[in-house]
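Novice: With the hints as extra help, turn the sequences into a complete structure.
Chains as they are written, first to last, in the working numbering: chain D, 619 to 782; chain U, 11 to 795; chain E, 42 to 191.
Rather than coming from a laboratory, the hints here were simulated on the basis of the structure. Keep in mind the model is a prediction, meaning the values are calculated, not measured. No residue lacks a Cβ here, since even glycine has one placed at the ideal position from N, Cα and C. Certain hints may be false.
[Claimed, not checked] Chain D residues, not near chain U, derived (Cβ > 12 Å throughout):
| id | residue |
| --- | --- |
| 1 | Asp629 |
| 2 | Glu635 |
| 3 | Arg645 |
| 4 | Met684 |
| 5 | Asp686 |
| 6 | Ala708 |
| 7 | His734 |
| 8 | Asp737 |
| 9 | Arg744 |
| 10 | Asp745 |
| 11 | Asn750 |
| 12 | Ser772 |
| 13 | Ala773 |
[Unchecked claim] Listed below are the simulated DSSO-like cross-link pairs for lysine-lysine, each with C-alpha atoms no more than 27 Å apart in a straight line:
| id | chain 1 | residue 1 | chain 2 | residue 2 |
| --- | --- | --- | --- | --- |
| 14 | U | Lys107 | D | Lys697 |
| 15 | U | Lys30 | D | Lys701 |
| 16 | U | Lys67 | E | Lys101 |
| 17 | E | Lys103 | U | Lys70 |
| 18 | U | Lys484 | U | Lys107 |
Residues per chain are reported as follows:
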Amino acid sequence: MKVSLKVNGADYERDVEPRVLLAYFLREDLGLTGTHVGCDTSSCGCCVVLMDGEKAVKSCTMFAVMADGHEITTIEGMKKDGKLHPMQQAFSDQHGLQCGYCTPGMMATAIAFLKHNPDPSEAEIRDALSGNMCRCTGYNNIVKAVQQAAAELSAPAAEPVAAS
Amino acid sequence: MSTTEAPPANGRHSMGQPMKRKEDARFIAGKGRYIDDIVLPNMLYLAIVHSDYPHAKITKIDKDAALKIPGVLAVITADDLAGVGLAWIPTFHGYDKQMVLAVGKVLYQYQEVAAVVATSRAAAADGVEAVVVEYEQLTPVVDPFTAKTDKTLVREDRENKTNHIYHWEVGKRAETDAAIAASDVKINERVYFQRCHPAPLEPCGCVADMNPATGTLTLYMTSQAPHAHRTVVSLVTGIPEDKIHVISPDIGGGFGNKVPVYAGYVCSAVASIVTGHPIKWIETRTENLTTTGFARDYTMDVEIGATKDGKVTALKVTTHADHGAFDAAADPTKYPAGMFGICTGSYDFPVAFTELDAYFTNKAPGGVAYRCSFRVTEASYAIERGMDLLANALGMDPADVRMKNFVRKDQFPYPSPLGFVYDSGDYHTTLQKALDKVGYKELRKEQAEKRARGELMGIGISTFTEVVGAGPSKHFDIMGIKMFDSAEIRIHPTGSGIVRAGTKSQGQGHETTWAQIVAEELGLDPQNLLVEEGDTDTAPYGLGTYASRSTPVAGAALAMAARRVREKARNIAAHVMEAPLDDVEWVDYKFQVKGVPSKTVTMKEIAFAAYTNPGPNEPGLEATYYYDPPNLTFPYGAYIAVVDVDKDTGETKVRRFLAIDDCGTVINPMIVEGQIHGGLTEGFAIAFMQEIAYDAEGNNLQPNFTEYLIPTSLESPHWETDSTCNPSPHHPIGAKGVGESPNVGSPAAFVNAVMDALSPLGIKNIDMPLTRSKVWSAIQEATKA
Amino acid sequence: MNLEWHGHEEVGTSKAQLWAFISDPKSVADCVPDLVEAVVEDATHFDAIVSVGVGPVRGKFKLKIELEPQSDGNRMNMKISGGGLGSTVDLLAGADLTDHGATTSLDWTGTATMRGKIASLAGRVIDAQAQRVITTTFANVKARCASSSA
Numbered sequence: 619m620k621v622s623l624k625v626n627g628a629d630y631e632r633d634v635e636p637r638v639l640l641a642y643f644l645r646e647d648l649g650l651t652g653t654h655v656g657c658d659t660s661s662c663g664c665c666v667v668l669m670d671g672e673k674a675v676k677s678c679t680m681f682a683v684m685a686d687g688h689e690i691t692t693i694e695g696m697k698k699d700g701k702l703h704p705m706q707q708a709f710s711d712q713h714g715l716q717c718g719y720c721t722p723g724m725m726a727t728a729i730a731f732l733k734h735n736p737d738p739s740e741a742e743i744r745d746a747l748s749g750n751m752c753r754c755t756g757y758n759n760i761v762k763a764v765q766q767a768a769a770e771l772s773a774p775a776a777e778p779v780a781a782s
Numbered sequence: 011m012s013t014t015e016a017p018p019a020n021g022r023h024s025m026g027q028p029m030k031r032k033e034d035a036r037f038i039a040g041k042g043r044y045i046d047d048i049v050l051p052n053m054l055y056l057a058i059v060h061s062d063y064p065h066a067k068i069t070k071i072d073k074d075a076a077l078k079i080p081g082v083l084a085v086i087t088a089d090d091l092a093g094v095g096l097a098w099i100p101t102f103h104g105y106d107k108q109m110v111l112a113v114g115k116v117l118y119q120y121q122e123v124a125a126v127v128a129t130s131r132a133a134a135a136d137g138v139e140a141v142v143v144e145y146e147q148l149t150p151v152v153d154p155f156t157a158k159t160d161k162t163l164v165r166e167d168r169e170n171k172t173n174h175i176y177h178w179e180v181g182k183r184a185e186t187d188a189a190i191a192a193s194d195v196k197i198n199e200r201v202y203f204q205r206c207h208p209a210p211l212e213p214c215g216c217v218a219d220m221n222p223a224t225g226t227l228t229l230y231m232t233s234q235a236p237h238a239h240r241t242v243v244s245l246v247t248g249i250p251e252d253k254i255h256v257i258s259p260d261i262g263g264g265f266g267n268k269v270p271v272y273a274g275y276v277c278s279a280v281a282s283i284v285t286g287h288p289i290k291w292i293e294t295r296t297e298n299l300t301t302t303g304f305a306r307d308y309t310m311d312v313e314i315g316a317t318k319d320g321k322v323t324a325l326k327v328t329t330h331a332d333h334g335a336f337d338a339a340a341d342p343t344k345y346p347a348g349m350f351g352i353c354t355g356s357y358d359f360p361v362a363f364t365e366l367d368a369y370f371t372n373k374a375p376g377g378v379a380y381r382c383s384f385r386v387t388e389a390s391y392a393i394e395r396g397m398d399l400l401a402n403a404l405g406m407d408p409a410d411v412r413m414k415n416f417v418r419k420d421q422f423p424y425p426s427p428l429g430f431v432y433d434s435g436d437y438h439t440t441l442q443k444a445l446d447k448v449g450y451k452e453l454r455k456e457q458a459e460k461r462a463r464g465e466l467m468g469i470g471i472s473t474f475t476e477v478v479g480a481g482p483s484k485h486f487d488i489m490g491i492k493m494f495d496s497a498e499i500r501i502h503p504t505g506s507g508i509v510r511a512g513t514k515s516q517g518q519g520h521e522t523t524w525a526q527i528v529a530e531e532l533g534l535d536p537q538n539l540l541v542e543e544g545d546t547d548t549a550p551y552g553l554g555t556y557a558s559r560s561t562p563v564a565g566a567a568l569a570m571a572a573r574r575v576r577e578k579a580r581n582i583a584a585h586v587m588e589a590p591l592d593d594v595e596w597v598d599y600k601f602q603v604k605g606v607p608s609k610t611v612t613m614k615e616i617a618f619a620a621y622t623n624p625g626p627n628e629p630g631l632e633a634t635y636y637y638d639p640p641n642l643t644f645p646y647g648a649y650i651a652v653v654d655v656d657k658d659t660g661e662t663k664v665r666r667f668l669a670i671d672d673c674g675t676v677i678n679p680m681i682v683e684g685q686i687h688g689g690l691t692e693g694f695a696i697a698f699m700q701e702i703a704y705d706a707e708g709n710n711l712q713p714n715f716t717e718y719l720i721p722t723s724l725e726s727p728h729w730e731t732d733s734t735c736n737p738s739p740h741h742p743i744g745a746k747g748v749g750e751s752p753n754v755g756s757p758a759a760f761v762n763a764v765m766d767a768l769s770p771l772g773i774k775n776i777d778m779p780l781t782r783s784k785v786w787s788a789i790q791e792a793t794k795a
Numbered sequence: 042m043n044l045e046w047h048g049h050e051e052v053g054t055s056k057a058q059l060w061a062f063i064s065d066p067k068s069v070a071d072c073v074p075d076l077v078e079a080v081v082e083d084a085t086h087f088d089a090i091v092s093v094g095v096g097p098v099r100g101k102f103k104l105k106i107e108l109e110p111q112s113d114g115n116r117m118n119m120k121i122s123g124g125g126l127g128s129t130v131d132l133l134a135g136a137d138l139t140d141h142g143a144t145t146s147l148d149w150t151g152t153a154t155m156r157g158k159i160a161s162l163a164g165r166v167i168d169a170q171a172q173r174v175i176t177t178t179f180a181n182v183k184a185r186c187a188s189s190s191a
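Specialist: Put into structure tokens, the structure is as follows:
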């Protein structure tokens with residue numbers, strides 16, 4: 619089956635078996651191995667990527683063909699103009715990762731969440747990340763990382779408001 | 011200087027600094043390299059057929075349909091492995107053997123029965139579905155108490171026709187029994203530490219690549235102990251060790267799960283040798299949970315005697331251990347029950363005795379040190395639950411009972427009645443710090459008020475002592491290989507360098523902390539010390555990372571290797587500064603001529619001189635050190651959990667959790683804190699959510715993450731942490747290791763808190779996991795009358 | 042995995058009519074929900090293929106069913122064994138008939154032992170699913186027996 623989609627800004631057109639999951643399409647057809655697979659039951663969230671810039675989707679629970687016509691952003695596409703995305707910087711600053719396996723999916727979920735809720739409470743952050751498992755960090759520092767990223771992402775937007 | 015304050019971060023070059031992690035750069039960019047990211051030309055895929063039943067004769071394996079599937083090249087069974095002498099392999103410590111693929115019968119549900127090799131991942135999976143295995147079912151044995159009767163034999167292949175594997179004991183039986191019998195107050199309670207699973211988010215896997223031209227077998231594998239695996243592969247296959255290259259890439263969490271050797275590795279290696287193609291095998295989550303190393307499954311009878319005023323007189327712990335179908339527990343050779351002798355904990359027992367009997371059952375094999383030193387979590391749970399049961403029997407506050415019985419600071423080095431010599435500690439100060447910080451008195455007051463209103467609030471304490479850092483070569487080996495560890499340091503001309511160790515990080519941050527240790531010793535920039543682990547062709551020999559042994563053993567080797575480098579550098583410094591060797595001192599991270607503070611030379615300058623102007627000295631600047639620890643290390647902590655239990659639903663809310671840890675010298679406080687957060691979350695999961703349970707028919711009831719629950723951010727409590735610092739006197743930098751303390755110490759704190767909440771109802775014990783329904787049922791039962 | 046169920050139906054036929062209905066393998070087989078195929082072997086035995094969908098597991102079960110009429114005509118026992126999808130089931134069902142003239146009470150019980158992948162992968166939902174199958178079967182007995190006698 620033919621599938622055309624945009625991944626990290628580049629257009630792709632591929633012929634894939636209908637049963638190929640988006641996660642494996644990204645990993646094996648496009649070589650984007652930053653997206654991970656950690657379970658067989660859509661539980662762990664290691665595979666989360668951004669669809670159309672603002673929706674977090676579990677790429678192990680979607681067939682590649684379902685992404686036809688959509689735009690996918692993986693961890694490899696989060697850097698902008700050679701600069702880390704504030705979420706990436708925050709995860710490192712706050713020690714929000716250890717083994718790194720859950721990190722790409724966790725950050726994708728957090729980025730999508732902040733687009734819908736730029737100034738969340740800790741409870742809202744914990745609720746938003748509840749589809750992503752982490753075995754190493756115990757989540758304290760992940761929450762702190764999301765708070766740091768939220769502050770940074772909302773800071774430039776806040777300036778013009780203050781100026782007016 | 012007081013030894014109970016946190017070490018100063020100031021004034022040290024690298025040690026004790028919350029340096030951000032060097033490994034993060036690749037992980038946050040999606041550029042980590044995990045096992046499934048490795049793709050080699052002409053690679054084939056292997057997938058495994060698993061048993062449907064827990065105990066059954068295999069009457070037929072029909073490969074025909076599978077072999078007709080496009081892309082399927084071969085179906086491997088035990089018969090094929092027998093042809094190359096690999097139907098069975100020795101277990102971890104070599105006392106038993108295990109089937110690679112089922113030989114004649116299956117011994118547990120999901121056991122590996124056949125392996126399919128195919129040109130793609132999907133074709134291999136299709137092949138697995140098409141292999142038809144016919145079974146004749148046998149009665150399963152699913153607990154050690156049934157196993158003990160020997161009515162059904164799990165292992166007919168063994169010479170001894172019994173399910174009993176071994177008996178182990180330590181201490182003084184008669185004196186202990188007599189002391190308990192003569193005590194004013196005694197408790198005797200059976201507690202069960204359920205079977206659980208490390209479940210790292212990355213499952214196990216490998217790529218086996220036999221190069222037919224050179225005869226070299228390269229094994230990329232999820233290995234916490236690459237050198238040990240190389241040696242085992244060589245011993246088992248007869249391939250010379252120089253022709254085996256084990257590479258452990260980035261590991262997505264291990265927690266003990268990635269220590270043993272699994273069927274998938276062996277089948278992949280055999281398939282690569284036979285086909286000459288690289289073979290990839292990646293576990294599914296179900297395979298991970300149902301076939302790879304489980305942990306615990308100890309049923310422990312805890313007896314404690316005490317005087318009326320609460321002084322302990324004796325401890326006895328009697329354990330039934332369920333080892334599953336093979337005796338594959340990961341324990342050092344001379345310690346079949348690991349360090350279970352730490353069950354006297356932080357308390358000064360005049361006499362103690364512990365014994366353990368292990369049994370075969372129709373359950374998955376394992377018994378790994380899941381985020382703990384060998385069997386230390388089980389032992390800590392037994393004593394910490396026991397101390398609370400004793401407090402209850404005495405009518406005393408559990409904090410007071412602990413304070414009354416702690417080993418005192420002046421007793422260290424403390425010889426325990428079960429044979430360990432504790433290195434250092436100040437248990438009273440650490441618990442007091444926890445009580446003050448959590449506001450213990452106020453909490454007890456609040457609890458009394460709530461009780462008066464009929465509300466269930468509980469406060470649980472756990473003041474555990476761990477024993478880690480295996481270990482001194484006199485006592486500790488695995489299959490004969492002594493449990494030392496190693497480090498190699500090479501300083502380049504411009505003052506940067508490469509640091510290699512026999513350990514293997516799985517998220518612990520070795521690339522950062524190892525650089526900090528070496529940088530501290532040499533006054534170099536840790537950012538320019540590259541740390542490399544996991545490649546057996548380049549790293550010095552070491553037994554790997556598990557049982558909190560990396561910092562106590564390899565961490566010491568790194569410091570000692572760095573001191574060797576420094577001594578060599580001192581010789582070169584003498585040449586460069588034209589001073590007698592005896593006059594050259596290491597002061598403030600520089601070499602200085604004695605009494606001439608202006609005459610100094612930096613390590614960076616010496617590095618350049620080592621290659622450009624070494625004088626009469628051997629050129630170059632490198633050293634290797636193999637460290638054989640003189641003793642184990644004994645990290646400890648005081649943990650306090652505060653919970654509210656909803657009487658009507660059985661739901662427990664962990665309102666607060668405070669962990670005060672003492673792991674000796676801290677290398678990187680940010681990483682230590684992260685390790686504690688993670689370990690507490692795993693302990694929380696074990697206390698409230700997780701169990702690999704089997705039903706009476708031997709069905710594994712937790713084969714995936716919809717049943718085996720991993721806590722998310724939503725249910726995980728907010729963790730509060732702090733520390734005290736009593737360095738290990740025998741470790742070169744005083745560090746004890748920390749990664750496992752929180753998983754060892756926390757389960758008892760949680761359970762003690764819930765039992766404290768339920769104590770007005772007369773409930774003494776509920777075995778983990780304390781799920782809503784279990785707690786609710788216990789409340790119903792208790793309030794029925 | 043051991044499971045137990047019980048239930049009650051009040052059937053609007055005479056006891057003799059109900060007895061005749063449940064003694065006939067063909068009519069009993071037709072009452073099994075999700076039946077794909079039934080082959081009657083003799084007066085007391087039939088084979089059935091039933092589609093099964095429990096949790097993540099979907100496929101077909103092949104079952105051997107034996108009717109064991111008790112000589113007094115008050116009780117019918119049924120033994121079901123078989124399996125599929127890497128699983129086996131042994132089920133014993135029994136139904137007691139009580140004569141109320143125009144109607145007949147049918148009190149049934151069932152116990153089953155499940156082994157294999159379904160018990161493992163779908164253990165949490167299997168009880169409810171199996172209960173649905175057995176309850177529907179007896180509900181169908183009530184409905185069809187009444188309509189066939191009408």
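Novice: Next step is simple, just say for each hint if it's right about the structure.
Specialist: Structure-based check of all given hints:
1. Asp629: Asp629 of chain D is indeed farther than 12 Å from all Cβ atoms of chain U, at 20 Å.
2. Glu635: 7 Å, violated
3. Arg645: 8 Å, violated
4. Met684: Met684 of chain D clear of chain U: closest Cβ-Cβ about 17 Å, beyond 12 Å.
5. Asp686: 20 Å, holds
6. Ala708: 9 Å, violated
7. His734: Per Cβ check, His734 of chain D is outside 12 Å of chain U; nearest 17 Å; holds.
8. Asp737: 18 Å, holds
9. Arg744: 4 Å, violated
10. Asp745: Incorrect as stated: the minimum Cβ-Cβ distance to chain U is 6 Å, not above 12 Å.
11. Asn750: 7 Å, violated
12. Ser772: 21 Å, holds
13. Ala773: 20 Å, holds
14. U:Lys107 to D:Lys697: Between Lys107 of chain U and Lys697 of chain D the Cα gap is close to 51 Å, so the pair fails against 27 Å, i.e. violated.
15. U:Lys30 to D:Lys701: 18 Å, holds
16. U:Lys67 to E:Lys101: Roughly 24 Å separates the two Cα atoms, so the pair holds.
17. E:Lys103 to U:Lys70: 19 Å, holds
18. U:Lys484 to U:Lys107: 26 Å, holds
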